[in-house]
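Put together the whole structure using the sequences plus the hints.
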Amino acid sequence: MDWIFVAFIVFSTIAILGSLMVVLQKTPVSSAFSLVLVFFSFSGLYALLGAHFIAALQILVYTGAIMVLFVFVIMLLGQDQPTSDLKDSSLLFKGITLLGAIGLLNVLLQAALSSKDIVGKGVYTEEKINEMGGNLKSISEVLFKDYVFHFELVSFLILGAIVATVALAKRKNSLSGGVS
Amino acid sequence: MNDPWLMLIVSCTVFVIGLIGVIFRKNLLVVLMSIELMLNAVNLSFVAFSKIHHVLDGQINALFVMTVAAAESAVGLGLVIAMFRTLKTADSDQIQMLRD
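Top line first, the protein sequences correspond to chains Z and C. Residue numbering for the first sequence follows this note's numbering, starting at 1441 and increasing by one per position. Residue numbering for the second sequence follows this note's numbering, starting at 9 and increasing by one per position.
Be a bit skeptical, because a hint or two may be false.
Claimed, not checked - Coverage of chain Z stretches by chain C, computed from C-beta distances (three or more under 8 Å per stretch; other residues unrestricted):
no., segment
1, 1446 to 1458
2, 1553 to 1567
3, 1580 to 1588
4, 1591 to 1605
No wet-lab data here; the hints were simulated from the structure. Backbone N, C-alpha and C define an ideal beta-carbon position, used for all residues, glycine too.
Take a look at the structure:
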């Protein structure tokens, strides 16, 4: 048993237990901190897969930006008291949903197991990536050659998100007629 | 990592847990966090498949999914704040203004 497999077991256990805690915790603050745990272990899994750039971005974007936003909004809304909204729904609804979820998990796992025998046909094998100068160089080669149009489109998406957030979060009385 | 398909099992499990969270929880903040979980699970399967198939497009797509997730959470939290301002609650069961 090599250390990579041990690291995989540790990171995946933390990821699954942490995501269970996100769903089952009573206060949103503890959910948020369990989510930070999940994001860190996902970053470790990306690093094990050789996607070092995605692993770094996972920590920068998710843990650094999104979770700070979440915790800030929790603080702003004062949502620190425990809620019992898991117990509110009826037993029949819970049973049907859990059955459906287990069925979906079964289907997804079958699909995952059937991909065990896939032989990769692409050119970017591990040796090729090392020869090109690492994960970051090869990824930027593909990103700015094949996907440069999509990359530019993403900037429009972010611009739209900024405008939408400002329009949503603005207080109504501070607007002088216009967007409500 | 010699067996990238093992990552797919983790990805499926986390996706289904996130789906259960979206369906069960009523606090909108926790619902948004569960959506983030689902997006992360999809990202992990993108990266695992790009490793299996020896291509890099999966990692590029994971990058785009990350951007969309950041934009989505910003707009979603803006919506939660706007809802909290009018209804004084972050409970999705309390959105029933069309009923009366």
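Now the hints, each set against the structure:
no.: 1; hint: 1446 to 1458; verdict: holds (count 4)
no.: 2; hint: 1553 to 1567; verdict: holds (count 10)
no.: 3; hint: 1580 to 1588; verdict: holds (count 4)
no.: 4; hint: 1591 to 1605; verdict: holds (count 8)
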